[in-house]
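All chains, please: the whole structure from these sequences, using the hints.
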Amino acid sequence: MKTVITSEDRSFIDIRELKRYLGLFKYLSLRDVFVRYKQTWLGFGWSIIRPLINIVIFGLLSYLVDKSQNFQDRFVIVSGGVVFWQLLSTAILDVSNSLTSNSNILTKVYFPKLLLPASSILVCLIDFLIAFVIFLILYFVFKGLPTLHILLLPLVLVYGLIFSFAIGLVFATASVKFRDIKFILPFLIQILFYASPVFLSSEFVLKQNLPQFLKVIYQLNPFVFILNAFKFSLFGTFENFDPFYACSSVLITVLALVFSVKYFLNFEKSFADYI
Amino acid sequence: MSEIAISVSDVSKKYIISHQQDNKADSLIEAFAGGVRGLFSARQKQNKEDFWALTEITFEINKGDRIGIIGRNGAGKSTLLKILSRIVKPTTGRIEFEGRVASLLEVGTGFHGDLTGRENIYLNGSILGMTKREIDAKFDEIVAFSEIETFLDTPVKKYSSGMYVRLAFAVAAHLEPEILIVDEVLAVGDSAFQKKCLGKMEDASQKDGKTILFVSHSIETVLRLCNKGILLEKGRMKAFGPMNEVAKVYLSTNTGFSSKRTWERKDPGHRHNKAVQLISVVVHDEDAVNREEFDITKPIGITTEYEVMDDNLIFTHSYNFHNEEGLNIFNTHDTVSDYRKKPREKGIYRATMWIEPNLLAEGLVTVGVAAIRIQTNELYFHELSAVSFTVRDYMKGNSARGEYTLGFPGIVRPLCKWQTIKL
Numbered sequence: 258m259k260t261v262i263t264s265e266d267r268s269f270i271d272i273r274e275l276k277r278y279l280g281l282f283k284y285l286s287l288r289d290v291f292v293r294y295k296q297t298w299l300g301f302g303w304s305i306i307r308p309l310i311n312i313v314i315f316g317l318l319s320y321l322v323d324k325s326q327n328f329q330d331r332f333v334i335v336s337g338g339v340v341f342w343q344l345l346s347t348a349i350l351d352v353s354n355s356l357t358s359n360s361n362i363l364t365k366v367y368f369p370k371l372l373l374p375a376s377s378i379l380v381c382l383i384d385f386l387i388a389f390v391i392f393l394i395l396y397f398v399f400k401g402l403p404t405l406h407i408l409l410l411p412l413v414l415v416y417g418l419i420f421s422f423a424i425g426l427v428f429a430t431a432s433v434k435f436r437d438i439k440f441i442l443p444f445l446i447q448i449l450f451y452a453s454p455v456f457l458s459s460e461f462v463l464k465q466n467l468p469q470f471l472k473v474i475y476q477l478n479p480f481v482f483i484l485n486a487f488k489f490s491l492f493g494t495f496e497n498f499d500p501f502y503a504c505s506s507v508l509i510t511v512l513a514l515v516f517s518v519k520y521f522l523n524f525e526k527s528f529a530d531y532i
Numbered sequence: 326m327s328e329i330a331i332s333v334s335d336v337s338k339k340y341i342i343s344h345q346q347d348n349k350a351d352s353l354i355e356a357f358a359g360g361v362r363g364l365f366s367a368r369q370k371q372n373k374e375d376f377w378a379l380t381e382i383t384f385e386i387n388k389g390d391r392i393g394i395i396g397r398n399g400a401g402k403s404t405l406l407k408i409l410s411r412i413v414k415p416t417t418g419r420i421e422f423e424g425r426v427a428s429l430l431e432v433g434t435g436f437h438g439d440l441t442g443r444e445n446i447y448l449n450g451s452i453l454g455m456t457k458r459e460i461d462a463k464f465d466e467i468v469a470f471s472e473i474e475t476f477l478d479t480p481v482k483k484y485s486s487g488m489y490v491r492l493a494f495a496v497a498a499h500l501e502p503e504i505l506i507v508d509e510v511l512a513v514g515d516s517a518f519q520k521k522c523l524g525k526m527e528d529a530s531q532k533d534g535k536t537i538l539f540v541s542h543s544i545e546t547v548l549r550l551c552n553k554g555i556l557l558e559k560g561r562m563k564a565f566g567p568m569n570e571v572a573k574v575y576l577s578t579n580t581g582f583s584s585k586r587t588w589e590r591k592d593p594g595h596r597h598n599k600a601v602q603l604i605s606v607v608v609h610d611e612d613a614v615n616r617e618e619f620d621i622t623k624p625i626g627i628t629t630e631y632e633v634m635d636d637n638l639i640f641t642h643s644y645n646f647h648n649e650e651g652l653n654i655f656n657t658h659d660t661v662s663d664y665r666k667k668p669r670e671k672g673i674y675r676a677t678m679w680i681e682p683n684l685l686a687e688g689l690v691t692v693g694v695a696a697i698r699i700q701t702n703e704l705y706f707h708e709l710s711a712v713s714f715t716v717r718d719y720m721k722g723n724s725a726r727g728e729y730t731l732g733f734p735g736i737v738r739p740l741c742k743w744q745t746i747k748l
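Protein chains in written order, with my numbering: chain A, 258 to 532; chain B, 326 to 748.
Calculated directly from the structure, the hints in this document are not laboratory data. The beta-carbon is built from N, C-alpha and C at its ideal position, and this holds for glycine as well. One or more of the hints may lead you astray.
Unchecked claim - EDC-like mimics (lysine to aspartate or glutamate), calculated; alpha carbons at most 16 Å apart, straight line:
id, chain 1, residue 1, chain 2, residue 2
1, A, K283, B, D461
2, B, K666, B, E703
3, B, K623, B, D610
4, A, K259, A, D271
5, B, K339, A, D266
6, A, K259, B, E503
7, A, K259, B, E421
8, A, K295, B, D478
9, B, K482, B, D439
10, A, K259, B, E328
11, A, K259, B, E423
12, A, K276, B, E459
13, B, K585, B, E618
14, B, K520, B, E472
15, B, K623, B, E687
16, B, K532, B, E501
17, A, K295, B, D439
18, B, K339, A, D530
19, B, K388, B, E423
20, B, K457, A, E274
21, B, K339, A, E265
What the hints assert, rightly or not - Which bits of chain B does chain A cover? Going by a derived footprint, with three or more residues having C-beta under 8 Å, they are:
id, segment
22, 410-420
23, 432-442
24, 447-454
Dropping the structure here:
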């Protein structure tokens with residue numbers, strides 16, 4: 258096996274190399290899972306309590322804001338959204354922190370750096386699955402058994418995670434040089450929370466007396482389509498389905514992924530110089 | 326056998342250092358004002374300067390070679406290793422190598438305190454480039470090597486530092502790449518365990534024809550382990566060739582050290598904020614004249630000055646002597662002055678030690694200086710290669726040579742008492 262080092266900036270995704278580092282991907286992922294709730298009294302209990310608190314708060318609040326549905330329906334829908342949003346937002350945060358929080362490894366050994374952001378997804382997924390079980394119990398109590406639409410769910414999860422990963426990756430790369438990201442990101446996620454149909458349904462937002470361009474921007478947000486697709490897979494009705502925005506959401510996601518990976522690869526070789 | 330493992334051509338590395346024009350802020354307010362000013366006029370206030378950590382490095386290494394990289398602090402050794410390990414990229418140049426590379430710039434890279442010893446073996450092993458199958462196969466060996474069997478399922482943050490280092494080493498020692506790059510990692514850990522690791526590395530390279538690149542401050546270690554050497558000076562390659570020749574160049578020219586040295590606080594090699602700071606070390610003759618060369622039949626004095634920054638420290642000062650081959654000739658510490666036992670006051674101290682005439686053999690002698698608290702083994706400073714001097718026999722017939730003028734081996738050259746009678 259021959260390796261060449263040059264002053265070239267760009268790096269490429271080398272499938273053969275990634276395969277060789279599959280073990281590292283696994284152990285980095287598992288490390289994050291094992292370590293997340295270490296030295297907490299409740300341990301993985303936090304994976305239950307955090308979503309539970311969010312479900313109760315936002316379920317109740319959302320009914321106060323939007324009374325167009327009965328309380329039970331509204332509560333179940335919002336809790337689904339909250340659980341899914343927690344997955345998407347923690348994925349963005351964890352991915353964007355993955356480089357700076359592993360700077361000790363980054364500056365000491367060579368490996369395909371893309372493994373770091375990628376391996377921080379697993380722990381988010383495990384938290385999500387635990388929260389999702391809580392949600393399913395709630396669903397069962399209020400609504401009975403889910404319909405066949407639920408078969409779409411895995412697809413929606415992957416789709417949502419791809420977009421979150423892309424956003425996280427851009428911030429991860431930028432944060433190597435600019436630690437400002439750490440402060441900006443929580444605000445951005447908070448804004449996205451209200452600008453996506455988690456707490457306020459898209460129906461409710463679009464009914465408001467808002468300037469048209471704001472409504473267009475709102476619908477261009479890929480998370481609107483992603484969350485509505487999530488709700489569709491669970492409840493069987495698609496709020497404000499618009500083929501144009503469906504396409505634009507997919508397109509933006511693909512572009513975001515391509516851009517973020519390219520941006521990452523362009524800087525990959527300089528990480529150790531700046532971090 | 327002369328297959329090329331690594332070829333490095335014209336490799337340079339530039340760093341851009343930016344420093345504030347006036348970095349001496351006298352008060353917090355000033356520092357803050359400077360910060361705010363900097364915020365609005367970042368371009369004007371910051372001085373950007375190119376710094377070439379490495380310049381036009383070119384060499385080729387054959388398969389199975391064990392290369393020792395030596396040079397003073399800041400000579401670019403670590404930068405070179407980082408480039409070869411693909412952690413940072415070179416600014417110019419090209420490197421080609423054949424085979425799997427593993428780099429060991431630190432022991433225990435990626436160790437996580439909350440994970441158990443067993444989990445960390447897998448995590449660290451995979452970070453260093455081992456596959457799960459390789460780790461599985463080596464697992465028992467690693468555990469046995471590290472001597473931590475009973476604590477395998479304890480989080481490593483509960484380990485003593487010795488256990489931690491042993492476990493980290495054990496994983497590293499079982500790497501089996503074609504090319505192994507090792508930084509000064511072996512400087513930590515207890516010496517018995519260090520020897521064990523060095524032995525393991527020696528084995529790997531001699532039996533299996535592994536290529537090893539090794540950075541160390543200890544000339545003794547590189548001379549033992551390496552067959553070829555690279556000497557770096559201020560980012561340039563000063564010498565490349567057989568290890569003992571490179572070591573000689575390092576020890577004998579200004580690249581190495583001379584018989585008088587002073588330390589400034591700004592010296593990057595100087596340990597700041599230590600309780601005891603070395604000021605100067607001078608090798609001199611009976612008349613306190615500093616010399617590079619000494620007559621083998623005359624006493625040699627070594628005087629050290631240091632500043633004690635804290636009150637109530639208890640320690641003594643010591644020297645160690647190494648010859649050209651890196652062999653430790655002898656060590657000595659002050660066993661007579663009252664200062665060695667009682668708490669000291671702050672201030673500057675001077676200590677002089679005399680080497681008896683007719684003790685050292687001819688050749689280059691390197692002096693290490695340390696301040697140590699004997700009771701606790703606590704080191705306040707330790708300059709391994711502080712100064713060096715040369716011992717010469719001027720062949721006047723009054724030395725151990727007598728009238729003999731040819732090669733005269735031996736680590737020491739005492740003038741022994743002889744008595745001959747006819748029976």
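| field | Violated hints - listed by number, lowest first | value | Of the numbered hints given earlier, the structure breaks none, since each of them holds.
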